[in-house]
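Colleague: Take a look at the letters that make up each chain.
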Amino acid sequence: MNATTTQPVYSYFPGCSLESSNRAYDISARNVARVLGLEMVELEDWNCCGATPYMAIDSRRSALLSARNLAIAEKQGRDIVTVCSSCYLVLQKTNHQLDENPSLRADVRDALQAGGMDYRGSVRIRHLLEIIVNGLGEESIGRHVVHPLNGLRVACYYGCQLTRPLGEVDDPEFPRLLDRLMQWIGATPVDFGMGTKCCGGILMTTQPEIGRELSGKLLKQARKAGADCICTICPLCQMNLEAYQGKISAWMGETCRLPVLYFTQILGAALGLNPAEIASKDSFIPLEPILACGGKHE
Amino acid sequence: MQYPPRAVLAALRAGMLDRVFESNTVWLCASCYSCTVRCPAGIPFTEVMYELKRLGIRKGLLNKRYSGIALAESFVDVVEKHGRSVDAELIRRFILRTHPFKIFSFMPLGWKMFRKGRVALRPRKIAGIANLRKMMAKMQKKEVTL
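Read top to bottom, the protein sequences are chains Z and S.
Sequence positions in the first sequence follow my numbering and run 1 to 298.
Sequence positions in the second sequence follow my numbering and run 299 to 444.
Read the hints as simulated data drawn from the structure, not as lab findings.
Please note that a few of the clues may not be correct.
Derived BS3-like pairs (lysine-lysine); straight-line CA-CA distance at most 27 angstroms [claimed, not checked]:
| # | chain 1 | residue 1 | chain 2 | residue 2 |
| --- | --- | --- | --- | --- |
| 1 | S | K432 | Z | K75 |
| 2 | S | K432 | Z | K247 |
| 3 | S | K410 | Z | K217 |
| 4 | Z | K75 | S | K423 |
| 5 | Z | K224 | Z | K247 |
| 6 | Z | K281 | S | K410 |
| 7 | Z | K220 | S | K436 |
| 8 | Z | K247 | S | K400 |
| 9 | Z | K247 | Z | K197 |
| 10 | S | K379 | Z | K75 |
| 11 | S | K423 | S | K436 |
| 12 | S | K436 | Z | K75 |
| 13 | Z | K247 | Z | K217 |
What follows is a set of in silico ranges between Cβ atoms, one per label pair, in the way DEER data are often shown [what the hints assert, rightly or not]:
| # | chain 1 | residue 1 | chain 2 | residue 2 | range |
| --- | --- | --- | --- | --- | --- |
| 14 | S | R304 | Z | H96 | 21 to 29 angstroms |
| 15 | Z | H96 | S | L310 | 21 to 29 angstroms |
| 16 | S | M405 | Z | G253 | 20 to 28 angstroms |
| 17 | S | A435 | Z | G253 | 46 to 54 angstroms |
| 18 | S | E378 | Z | H96 | 19 to 27 angstroms |
| 19 | Z | G253 | S | Q300 | 25 to 33 angstroms |
| 20 | S | P398 | Z | G135 | 43 to 51 angstroms |
No residue lacks a Cβ here, since even glycine has one placed at the ideal position from N, Cα and C.
Can you make the complete structure from the sequences, with help from the hints?
Modeller: Here's what the structure looks like:
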């Protein structure tokens, strides 16, 4: 990219859900990175990280799945950046397990070598949100904002796995990364008290009555706090809160039409990206009304 | 959750884990890790839940009525086939494993997703799938005993 940049090149790990169901996250993340001058090259022939279901069956093979991705990134000499909270945690967890458990490490390396690969443990896992907030910072973001979203009231929803259990990038239960970023782009974070409560994750599919209750509480509180939208950093949270919102509303007995955006879509709008560049058409609940608000208040 | 974390540990000590396995407890854990960061004794309880899931599946002790196991098994199948997860195929396999008639309750959302172009119609396998399978075969399971 640009010769004066001091930023490293990252191996970008989109994760499986970003290939189809949540491609808006992929599209907006790539475009935001481009505008901010972050160089992300898609990890070559990456495979599924294993997510939460694989380790419920076989933790050793789950570690191997992640390790194959780590091995590819290590060969390129790059750290991995992802936008999926689950991929972030699973890859990071594998790094820790390989570090702490020599017998697992030996077995994983044996298996990798059977396929002509190896992993020595040098790759760091980053979440794009954390690179943008901690790495680039307010001044750098501010320089790129062309359409401040003044007056937009945002419920910042972190979900679980970015900060728990590791707590390496922010406080496990009271993180601030996303709230800060929203302030930098002119929006107003609203305190809805549920920023790190679980949306139910996969329970929306396996135990719908529980999933609806957990996501329903989040939507209810966000609305009560006067939010115009919810900002998420995880594809599954976005899916549960938006695609199931109709079902949840019917179950709660009240109508709720709250847009749920990826942080890269809100940030992208502030950076002047057009609707196609943040894939706003992929949303079921239209984003235009809230994203136009910046202009209104200027 | 029929048996919250302290009850699970009490059942483990009392040799009454069968009751926990019979209930839906382990599948209600969605890996939010709240217990892990809050436990005053520093017990990574989410990992205990994972270990119970694996142990219960291996020993056939889990109640098949709860569909968490079907979801996890479907997921493993899809990843072994493609090297990646494919949402539509995961849901299809999950429904077939549990209640085939439930396909109707998933259809409105499936149609909504399809119309937005958010369903992968022709998922591709990763290029290194054969290599990945070779590595996976080499990675033998190891017994964990409680």
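Colleague: Now look at each hint and say whether the structure bears it out.
Modeller: The hints, checked one at a time:
1. S/K432 / Z/K75: 20 angstroms, holds
2. S/K432 / Z/K247: 43 angstroms, violated
3. S/K410 / Z/K217: 24 angstroms, holds
4. Z/K75 / S/K423: Measuring from Cα to Cα gives roughly 22 angstroms; hence the hint holds.
5. Z/K224 / Z/K247: Given that 27 angstroms is the threshold and the Cα spacing comes to 19 angstroms, the pair holds.
6. Z/K281 / S/K410: 13 angstroms, holds
7. Z/K220 / S/K436: Violated. Z/K220 to S/K436 sits at ~49 angstroms, over the 27 angstroms cutoff.
8. Z/K247 / S/K400: Holds, because 15 angstroms separates the two Cα atoms, which is no more than 27 angstroms.
9. Z/K247 / Z/K197: 20 angstroms, holds
10. S/K379 / Z/K75: 25 angstroms, holds
11. S/K423 / S/K436: Measuring from Cα to Cα gives roughly 20 angstroms; hence the hint holds.
12. S/K436 / Z/K75: The hint holds at about 21 angstroms.
13. Z/K247 / Z/K217: 13 angstroms, holds
14. S/R304 / Z/H96: 21 to 29 angstroms: 26 angstroms, holds
15. Z/H96 / S/L310: 21 to 29 angstroms: 25 angstroms, holds
16. S/M405 / Z/G253: 20 to 28 angstroms: 24 angstroms, holds
17. S/A435 / Z/G253: 46 to 54 angstroms: Between S/A435 and Z/G253, where Cβ atoms are some 52 angstroms apart, the hint holds.
18. S/E378 / Z/H96: 19 to 27 angstroms: Holds, since S/E378 and Z/H96 (Cβ atoms, about 25 angstroms apart) stay within the stated range.
19. Z/G253 / S/Q300: 25 to 33 angstroms: About 27 angstroms separates the Cβ atoms of Z/G253 and S/Q300, which means 25 to 33 angstroms holds.
20. S/P398 / Z/G135: 43 to 51 angstroms: Given a distance of about 49 angstroms, which is inside 43 to 51 angstroms, the answer is holds.
Taken one by one, the earlier hints fail for this structure at numbers 2 and 7, listed in ascending order.
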